[in-house]
Amino acid sequence: MERSFKITASEGIHARPATLLVSSATPYKADVQLTYNNKSVNLKSIMGVMAQGIPAGAIVTISAEGPDEAELLNKVEEVMVTQGLGEKC
Amino acid sequence: MLSRLFNKRKLQILAPVKGDMLSLEQVPDPVFSEKMMGDGVAIMPEDGGIHSPIEGKVILIADTKHAIGIRANDGTEILIHVGLETVSLQGKGFETLVKMGDSVSIGQPLIEVDWNFIKENAASIITPIIITNSAEKQIEHQPIQTCIPGKTVLMTVTPK
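So the sequence lines, in the order shown, correspond to chains A and B.
Residue numbering for the first sequence follows my numbering, starting at 1 and increasing by one per position.
Residue numbering for the second sequence follows my numbering, starting at 90 and increasing by one per position.
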């Protein structure tokens with residue numbers, strides 16, 4: 001399953017936002033990818049997520065597959081919204 | 090069994106910049122001090138540019154030129170974050186000398202930095218050096234000391 005977000009963090013997904021997103025996804029078993037500009041990276045890799053260079057206003061898709069995929073996506077959405085990183089779209 | 094032990098080669102992470110070594114706990118930013126990004130150390134730079142701490146490949150250069158990531162041949166990923174809150178400088182004060190995908194050698198210059206500009210315009214020039222996939226590794230810290238880029242060993246990394 002997947003969910004799309006519009007990034008609202010004013011400086012995009014740099015070190016702090018990337019760390020928050022990766023920390024939110026890492027405890028779950030499901031495999032999870034972040035796709036931006038047709039390029040997918042592992043959402044459990046800080047370096048991978050930072051290397052995407054995602055700017056403010058970008059649309060990203062997070063897709064998870066595994067036994068706890070729904071919980072993972074809910075947690076990622078919660079962190080996106082409460083930390084002011086992005087909004088569901 | 091024995092040969093497996095001997096194959097566990099240590100990777101040395103060398104200082105990327107001249108200055109005094111600090112522990113990550115001394116970095117006034119919880120993303121680094123609480124090791125949320127991974128284990129590592131920090132340096133309070135004195136002068137000179139950022140040099141490669143390992144032999145490897147450039148896997149990340151921020152558009153804003155304030156952070157660079159390098160992957161060693163053994164898979165260890167190292168992020169050098171030049172200064173704190175430096176993303177907001179939008180690249181000013183930095184000049185990158187390499188690009189994504191470049192192979193780099195130990196001590197090779199990676200980024201030129203105008204430290205005076207960073208001091209005046211960002212939160213700090215403290216530069217954290219983080220092993221972003223440290224959960225998969227065993228990290229051994231070296232004693233706190235004054236660092237010479239490409240010479241002083243900061244940490245050694247072995248597979249778990």
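The hints are simulated quantities; they were obtained by calculation from the structure and are not laboratory data.
Please read all numbers here as calculations on a predicted model, not as lab measurements.
Glycine included, C-beta positions come from ideal geometry on N, C-alpha and C.
There's no promise every hint is true.
Incomplete in silico selection of chain A near chain B, CB under 7 angstroms [to be verified]: (1) 14; (2) 15; (3) 47; (4) 50; (5) 52; (6) 53; (7) 57; (8) 74; (9) 75; (10) 78.
Comparing the hints with the structure gives:
no.: 1; hint: 14; result: holds, 4 angstroms
no.: 2; hint: 15; result: holds, 6 angstroms
no.: 3; hint: 47; result: holds, 5 angstroms
no.: 4; hint: 50; result: holds, 5 angstroms
no.: 5; hint: 52; result: violated, 9 angstroms
no.: 6; hint: 53; result: holds, 5 angstroms
no.: 7; hint: 57; result: violated, 14 angstroms
no.: 8; hint: 74; result: violated, 21 angstroms
no.: 9; hint: 75; result: violated, 16 angstroms
no.: 10; hint: 78; result: violated, 17 angstroms
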